[in-house]
Amino acid sequence: MGESRGGGCCPPMDLMRSETMQLVQLIVPMESAHLTVSYLGDLGLVQFKDLNSEKSPFQRTYAAQIKRCGEMARKIRFFKDQMSKAGVIPKELLEKESDIDLDDVEVKLGELEAELVEINANNDKLQRSYNELMEYKLVLQKAGEFFSSAHRSATAQQREIESEDSQQAGDDLLESPLLQEEKSIDSSKQVKLGFLTGLVPREKSMVFERILFRATRGNIFIRQTVIEEPVIDPSSGEKAEKNVFVVFYSGERAKSKILKICEAFGANRYPFSEDLGKQAQMITEVSGRLSELKTTIDAGLGHRDILLQTIGDKFELWNLKVRKEKAIYHTLNMLSLDVTKKCLVAEGWSPVFASNEIQDALQRAAFDSNSQVGSIFQVLRTKESPPTYFRTNKFTSAIQEIVDAYGVAKYQEANPGVFTIVTFPFLFAVMFGDWGHGICILLATMYLILREKKLSSQKLGDIMEMAFGGRYVILMMSLFSIYTGLIYNEFFSIPYPLFAPSAYDCRDASCSEATTIGLIKVRDTYPFGLDPVWHGTRSELPFLNSLKMKMSILLGVSQMNLGIIMSYFNARFFKSSVNIWFQFIPQMIFLNSLFGYLSVLIIIKWCTGSQADLYHVMIYMFLSPTDELGENQLFPHQKTVQLVLLFLALVSVPCMLLPKPFILKKQHEARHQGQSYAPLDETDESLHVETTGGSHGHEEFEFSEIFVHQLIHTIEFVLGAVSNTASYLRLWALSLAHSELSSVFYEKVLLLAWGYNNVLILILGIMVFIFATVGVLLVMETLSAFLHALRLHWVEFQNKFYEGDGYKFAPFTFIFTANEDE
Amino acid sequence: MYGFEALTFNIHGGYLEAIVRGHRAGLLTTADYNNLCQCENLDDIKMHLSATKYGSYLQNEPSPLHTTTIVEKCTLKLVDDYKHMLCQATEPMSTFLEYIRYGHMIDNVVLIVTGTLHERDVQELLEKCHPLGMFDSIATLAVAQNMRELYRLVLVDTPLAPYFSECLTSEDLDDMNIEIMRNTLYKAYLEDFYKFCQKLGGATSEIMSDLLAFEADRRAVNITINSIGTELTREDRKKLYSNFGLLYPYGHEELAICEDIDQVRGVMEKYPPYQAIFSKMSYGESQMLDKAFYEEEVRRLCLAFEQQFHYAVFFAYMRLREQEIRNLMWISECVAQNQKSRIHDSVVYMF
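The listed protein sequences derive, respectively, from chains V and L. Using our numbering, the final residue of the first sequence is 822, and nothing's skipped along the way. Using our numbering, the final residue of the second sequence is 351, and nothing's skipped along the way.
These are calculated hints, taken from the structure and not from any lab test. Don't be surprised by glycine CBs; every beta carbon is placed ideally from N, CA and C. Treat the hints loosely; a few may be bogus.
Per the computed footprint, the stretches of chain V lying under chain L, defined by three or more beta-carbons under 8 Å from a beta-carbon of chain L, are [what the hints assert, rightly or not]: (1) 47-59; (2) 69-75; (3) 254-261.
Start from the sequences and build out the full structure, keeping to the hints where you can.
Laid out in structure tokens, this is it:
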């Protein structure tokens, strides 16, 4: 694909510019519409436009079919629910979906649902009576206990009273005549007490008792016993904690009240007999029926499991089919109906390279559906801005996501993603330079990459998902951090003389370790990275700080220059010479005459080993440019060069600000003028463009708005040049933080524990070291370095050229996410 | 602390206010209603609602839908919202939210008592009750024979108990009594709620006073219209009016002696806020009055959302949702009974 628009000299870069898109119109005969959309969905390269946006969902052509699919989806959800309740796992979809008819599926689903519902209903009925019997049994047991204990205590009391009476009878006859009288009445004409037994939910039991008491004005006696294990309530089928109660009452009025209250509280009543023999008989009877029911229920459940198993076998197939159909009908609803009602008209975006594939799909669909006429494919010309579509692979997609998170590229705009692939992990690694940590991350990400196939099919947690999605970015990050780690010469903060022994050595035995004084150079310079001898010396920090700080500025200035150069490519691509002359060139001059100059000074200083103070040079370049530099001079004629650079920088600011708005105004006026006189000899084509493209000549041009915009842009760039350069110093700061943190963990935890000469303390120390390394350095530090690298790309790099106001190409496709919610 | 709510409101109320404003954004708009009015059958309504906040509540309903199912599920959504907010609320907002329920409680009590009087099945009645007005022992109401028993048995445990002090009689329950009881309870409830809101102070009291005053006045008008031609004496009628609101006290004096709808109208037109409502209707007409009042209420409720840092938004949201459910019920009924021409009669548009 690339060579067609590679542009001669340059190699093709698919990722640099988004795919060329076209607005296509498909005219599809009614009979083959469904198949066509289905094939296009398989292809997944067309983004349909909604041509019926003014119609409400149920007024559209295929509303009935969508309703049908919705109904089927509901049945499938019902099956899924039932299956997960029964613990049946649907079989995974193995082979490519064999062609099944939607109508068959619908019928089948209907039958299965009816069957399942019936089985469930039967089971529920059985379960209900089972639960009722279960409750009855509990009532029999608990109330039986209560009656027998009451009986025992009553007889005991009776005996006690009788014996007391016989003792006292002789002594004080006068004292208790009433009591005796009462007793005689008691025994002769006892009031007949009725009673009710049943179960009441435990949380309601207190209220129940209170209401009973109030309703009968206290003329009842209630006894409750707790059932330890929860009981399944027959009516709701849910487990509930319940109490067995026995209520004694007198009179019919009270009874009816109690019955009503029982009903209101959902208290199930069960008949109960006072007679012990009858009780025992009933218990055996109930137990017998319970075991009978149990077998019936088990058989029913078995039947149900078999049914669910058969559903489970085809479940995924049906699910996919129904979702596909629903998607197809939703798409069909976006097409507009032709006046003759014989064909559907679709409009949509597709990449230019897909034209052949789309036409092929159309032909196949027309052929397969035995349609009399084929579909018509034609390209429309439009003024609308097309969607942005990058063809990414699994390696580049994560990087592209990072760029898209800031903003989707404007159509065919230079894509920062191309450079981000390398610069992002590199800037990350500058902040995370430690090859020990790098190897740890490398191992972790290798695990993700090697098990890619397996992991991609299953559902991971939130954080895992993120790490898995960015596994190739993490791979790059770890490789780069091993590289920078080697340069910084840090392995868990310890330097190793990997490439050669250190170039320096002690002059004699008296030189202490904590100083560089007394070291003499004995060998060649250390070949790669930092000489390990720096480690632990007093001047280590000042040296590293100066090195990393300067390095950060060099990296920053080069990345910002790259950003500005990208704006040149954009301007050339969109053929806007204004942007080249009055944006790209002054910006280049401004940035490089200030910070490019600083970078040059840094390099000169490194090469010559000069003692010049760069702060001083830079500050006095502005404050008093005509002063002599004195000892800070790095090269001859430096003062003249500085004056020229300062002049250039000052001149470039108005160049950025003023010409562009005026030129734009002029251009607009020219275009406008041309229009008011021109259209006599306009061709059909341009007329067509105008009708489809909408407002062509009447774009708003507000000079003040453009000017203010340019003013803001200029100020942003000028101030940004300073602040963005300073912002790159975060590379140094985070790198410093990382190495200091890891050396703290190494020295204050591991070496300290080592010093105790105690195995237990050593193990503890190692544990703490490992947890601190993993938790703080490998997770938190990675995250913070990641975020800072992200910021450097989004803000400092991309604001130089990236507009990011496009919209993503979202083709109609059947690749559903694993657990799509409707 | 008038005017200083902004300083401290968000400590406890910020989260819930955000929640309730989010809920408000889910209310159906005029465009939604226009679409709903074009529905051909209840499945269309379901389909349309599936794109709204009600979607997840209706999606698992099998296809031959009934109006009651739609209303039930929509009410469930309201109840879920309410319960969520109540769980998160701290004092005094939780009390405020509880107050919103009391109206439904009164309605439910009346419903059950009337139902038992006409010997309906309790279970059936319970299903008809508004879920927001449910309390533990509500089913026991069926046991009571007269007011005193009603109070002593059941209501003494509920928050409604204090409101009952005014209507404790030993008379047996009949339709008239119950209606008087409802209105007495409502009067007590509104007055209590009003007092509570006054106590809360700030924007809450300001806005709620307005809303509750409107509610009280509307009830006064309704009581008057409904009692025309019944044996309710003027004094009794006057006793049922709440002792606050725009009409209190002079308007009540005049309303108490009204004999027909036009007299009511004459009284009400003296009050500028109600003039607009009555001016929409022709003389002698009272059917449209309900709708006119509802529209005015919705307008005022929507205004409550214009201000921040007060509790009235919760009240307003609940009321608006209820109105929306009433609208949905009406639309569904019209669609189900093929009376589409009458759809617009009773739908109150909100936004």
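Check: What are the numbers of the hints that this structure violates, sorted from low to high?
Finding: No hint contradicted; all consistent.
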